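*Asks:* With these hints in hand, go ahead and build the complete structure from the sequences.
Letter by letter, the chains look like this.
Protein chains: 2
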Amino acid sequence: MSVQQYVKDLAISAKNASKLVANSPVSVRNAALEAIAGTIQSQRQSLLDANTMDLSAAHDTGLDSALIDRLELTETRVDGMLESLAIVQALPDPIGGIEGLRSMESGIQVGKMRVPLGLIGIIYESRPNVTIDAASLCLKSGNAVLLRGGSEALRSNLVLASCIQAGLEAAGLPAQAVQVLDTTDREGVSAMVKLSGIVDMVVPRGGKGLIERVASDATVPVLKHLDGICHLYIHSDADPAMAIELAVNAKTHRYGTCNTMESLLIDSECAALLPELARPLLEKGVVLRGCEQTCVWLGDDCTLASEEDWSTEYLAPILSIKVVEDFDAAVDHIARFGSGHTDGIVTQCHSSAMQFLRAVDSSSVMVNASTRFADGYEYGLGAEIGISTDKIHARGPVGLEGLTSQKYVVLGNGHIRT
Amino acid sequence: MSVQQYVKDLAISAKNASKLVANSPVSVRNAALEAIAGTIQSQRQSLLDANTMDLSAAHDTGLDSALIDRLELTETRVDGMLESLAIVQALPDPIGGIEGLRSMESGIQVGKMRVPLGLIGIIYESRPNVTIDAASLCLKSGNAVLLRGGSEALRSNLVLASCIQAGLEAAGLPAQAVQVLDTTDREGVSAMVKLSGIVDMVVPRGGKGLIERVASDATVPVLKHLDGICHLYIHSDADPAMAIELAVNAKTHRYGTCNTMESLLIDSECAALLPELARPLLEKGVVLRGCEQTCVWLGDDCTLASEEDWSTEYLAPILSIKVVEDFDAAVDHIARFGSGHTDGIVTQCHSSAMQFLRAVDSSSVMVNASTRFADGYEYGLGAEIGISTDKIHARGPVGLEGLTSQKYVVLGNGHIRT
Chain B
0 MSVQQYVKDL
10 AISAKNASKL
20 VANSPVSVRN
30 AALEAIAGTI
40 QSQRQSLLDA
50 NTMDLSAAHD
60 TGLDSALIDR
70 LELTETRVDG
80 MLESLAIVQA
90 LPDPIGGIEG
100 LRSMESGIQV
110 GKMRVPLGLI
120 GIIYESRPNV
130 TIDAASLCLK
140 SGNAVLLRGG
150 SEALRSNLVL
160 ASCIQAGLEA
170 AGLPAQAVQV
180 LDTTDREGVS
190 AMVKLSGIVD
200 MVVPRGGKGL
210 IERVASDATV
220 PVLKHLDGIC
230 HLYIHSDADP
240 AMAIELAVNA
250 KTHRYGTCNT
260 MESLLIDSEC
270 AALLPELARP
280 LLEKGVVLRG
290 CEQTCVWLGD
300 DCTLASEEDW
310 STEYLAPILS
320 IKVVEDFDAA
330 VDHIARFGSG
340 HTDGIVTQCH
350 SSAMQFLRAV
360 DSSSVMVNAS
370 TRFADGYEYG
380 LGAEIGISTD
390 KIHARGPVGL
400 EGLTSQKYVV
410 LGNGHIRT
Chain Z
0 MSVQQYVKDL
10 AISAKNASKL
20 VANSPVSVRN
30 AALEAIAGTI
40 QSQRQSLLDA
50 NTMDLSAAHD
60 TGLDSALIDR
70 LELTETRVDG
80 MLESLAIVQA
90 LPDPIGGIEG
100 LRSMESGIQV
110 GKMRVPLGLI
120 GIIYESRPNV
130 TIDAASLCLK
140 SGNAVLLRGG
150 SEALRSNLVL
160 ASCIQAGLEA
170 AGLPAQAVQV
180 LDTTDREGVS
190 AMVKLSGIVD
200 MVVPRGGKGL
210 IERVASDATV
220 PVLKHLDGIC
230 HLYIHSDADP
240 AMAIELAVNA
250 KTHRYGTCNT
260 MESLLIDSEC
270 AALLPELARP
280 LLEKGVVLRG
290 CEQTCVWLGD
300 DCTLASEEDW
310 STEYLAPILS
320 IKVVEDFDAA
330 VDHIARFGSG
340 HTDGIVTQCH
350 SSAMQFLRAV
360 DSSSVMVNAS
370 TRFADGYEYG
380 LGAEIGISTD
390 KIHARGPVGL
400 EGLTSQKYVV
410 LGNGHIRT
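Chains as they are written, first to last, in numbering that gives the first Met the number 0: chain B, 0 to 417; chain Z, 0 to 417.
To be clear, the hints were calculated from the coordinates, so they are not data collected in a lab. Not one of these hints is a red herring.
Since the list can't tell identical chains apart, any single copy or any two copies may satisfy a pair.
PhoX-like, lysine-lysine: derived pairs with alpha carbons at most 25 angstroms apart: (1) Lys14 to Lys223; (2) Lys193 to Lys18; (3) Lys193 to Lys223.
Model, not experiment: these values are computed from the prediction.
*Replies:* Next comes the structure, spelled out in structure tokens:
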């Protein structure tokens with residue numbers, strides 16, 4: 000059987016199973032999540048053993064150390080999976096309720112019911128915990144899911160898949176609702192993203208290369224973000240101590256995440272703050288690349304940024320810094336070089352804060368907060384299936400709601416249109 | 000200049016103008032809608048003259064009479080445009096407000112702000128009033144719009160465009176925010192739907208051929224519905240008189256609309272109702288095509304339906320009728336043959352009604368109401384930019400909200416992530 004046919008057959012069986020998940024009461028979906036946690040607990044050793052084999056194969060093929068770190072399952076990380084299942088189980092049912100039912104002139108009542116999308120495809124790399132996060136969010140929202148993890152994690156993911164399927168069956172749901180692709184063939188991804196009418200949405204999670212490939216191949220809708228070129232703009236009315244603390248946190252809390260600040264904009268009126276601001280960053284080993292004015296203020300602590308720096312997501316201890324003329328120049332810079340992910344302002348001026356919220360067209364816009372907060376857990380979504388910088392459908396960190404659609408519900412009592 | 004370059008230039012100027020519309024207060028957007036109505040009123044005679052020329056050219060080229068009817072502007076239809084502008088003006092501002100602001104464990108507050116999509120492309124046929132409906136909804140929701148009407152309506156649409164642009168300028172908004180493509184070249188449509196990154200969404204309105212062509216060419220998101228194969232299912236617990244009245248209204252109120260019932264399903268337990276149900280339909284000249292059982296009940300009043308009938312949108316005085324075994328068979332039939340547009344149940348049984356609402360996966364699901372209610376005006380949306388049967392982004396009749404996106408708003412007071 001070809002890879003295309005294998006993926007299609009798997010998708011069709013998952014899609015059929017999705018209808019049973021969609022129509023199941025939340026008590027059954029929650030029971031499945033609890034049973035999955037129970038199975039993982041009882042299969043803990045087989046899971047760790049499979050992961051050890053994945054790790055050893057990864058070492059042999061010379062996988063880079065960052066990827067190996069993400070691949071590794073420790074006791075703590077398995078506990079994290081169980082906790083994550085419990086968090087999703089505790090979230091309210093996102094589907095089936097009818098919202099905003101209102102009476103119309105004609106006498107009919109019109110409202111909206113939130114419903115599952117159907118079958119979600121997730122394409123991801125390394126981290127086996129994505130298998131559990133994705134499966135739990137999809138099941139809770141009444142969807143089926145097709146999981147395609149990285150080849151380096153296949154043994155771990157297959158053990159997790161068997162735990163998930165056992166949990167589903169224990170709760171009386173079809174095991175086919177969660178499928179892990181048992182192939183490392185790249186064609187599997189291409190086949191999955193072209194199954195229009197069967198797969199309802201695809202979420203690629205991983206490096207920019209993977210996401211670009213999926214987006215250009217796909218005929219089904221893709222929920223994605225390509226870059227996280229996040230800005231913090233220090234406004235002329237910023238509290239200096241707050242500005243420094245936020246900039247340091249946004250840049251140095253973690254270097255490799257998409258919500259890390261990559262460019263700092265500072266208003267010309269408070270550019271004198273630059274030396275004090277640079278000190279803690281330099282102490283943490285951050286390399287600074289500034290505009291001409293920034294270089295005047297920072298001297299040898301800074302090198303001149305090239306035009307390319309303004310549109311680079313470093314994912315590393317490097318920061319570009321630009322002195323901007325005023326508020327409008329900051330907003331223009333973000334519109335031109337930003338990636339629409341997360342951008343913040345530091346200011347004590349209420350009207351500038353409100354104006355920034357409106358004028359900056361990014362999936363998260365912040366006032367006096369670290370860009371690092373742009374995250375499903377921090378936003379109270381429980382877990383996150385991904386982050387979207389597109390404007391269609393879901394935007395920003397995507398939890399349960401982004402895995403649903405709404406339909407209109409009309410209640411009449413024999414009403415006809417005249 | 001090539002058509003591609005012309006459309007791209009027009010789109011870029013509209014996209015630039017969209018930023019000013021997006022950031023304008025609702026008072027300014029409302030003033031523009033009022034000024035547009037004023038300009039149409041003062042240009043009424045030029046508009047009717049231009050329409051007369053379109054009509055005369057349409058007669059010469061032998062355009063079919065249904066299209067000519069839709070093309071014609073009468074005094075009443077111009078009044079309808081003015082009324083529609085007033086209705087959209089009276090709707091609350093859909094953008095800029097922050098919803099659901101909640102405090103998180105970390106101390107930050109997180110909410111969502113509704114924002115415009117940016118630049119919308121509308122592709123439509125014949126009816127010049129779509130020019131006004133589309134422009135008013137897009138402007139009210141803070142978007143710019145590129146309008147590509149049918150070649151047969153070009154003269155009427157260009158007069159309307161000049162009225163709209165004069166109204167925009169009178170309110171201090173850029174005239175470029177609403178553009179009517181001054182070309183009848185089909186390449187103009189292909190060029191528009193491939194402007195990813197400039198055009199944010201395209202809405203094709205018209206025949207299935209047009210919509211299929213747009214959907215297959217487009218690289219930008221498309222909001223669309225292809226078919227309206229709407230069902231009414233008469234449940235065993237239906238009130239017979241209500242069932243007959245709803246069936247007659249759903250089929251005969253208008254034959255050519257997408258929310259017209261095309262297939263009637265009747266529960267085997269109440270199939271004896273068929274002769275009484277058929278009478279008023281036959282009196283109105285509706286041709287009946289039934290399953291074998293239906294033909295037994297109706298005799299010469301009915302011909303045997305072919306398999307193809309169950310998936311045909313007649314848009315004509317023809318109705319397919321099927322006797323279904325029970326509730327589940329009705330739901331299965333709708334899932335298999337329906338187009339996900341609008342489907343209803345007639346029943347006095349509350350639990351069957353609730354089960355139907357959940358189990359049928361269509362953009363509108365109805366209980367004891369005519370399918371003809373699936374409409375933006377009837378749902379209280381003011382006007383409608385189109386109907387979507389897709390599950391991603393907007394679904395069902397789409398008004399202002401479907402022309403917007405949401406972004407996360409985070410308010411802190413120096414909060415950092417630890």
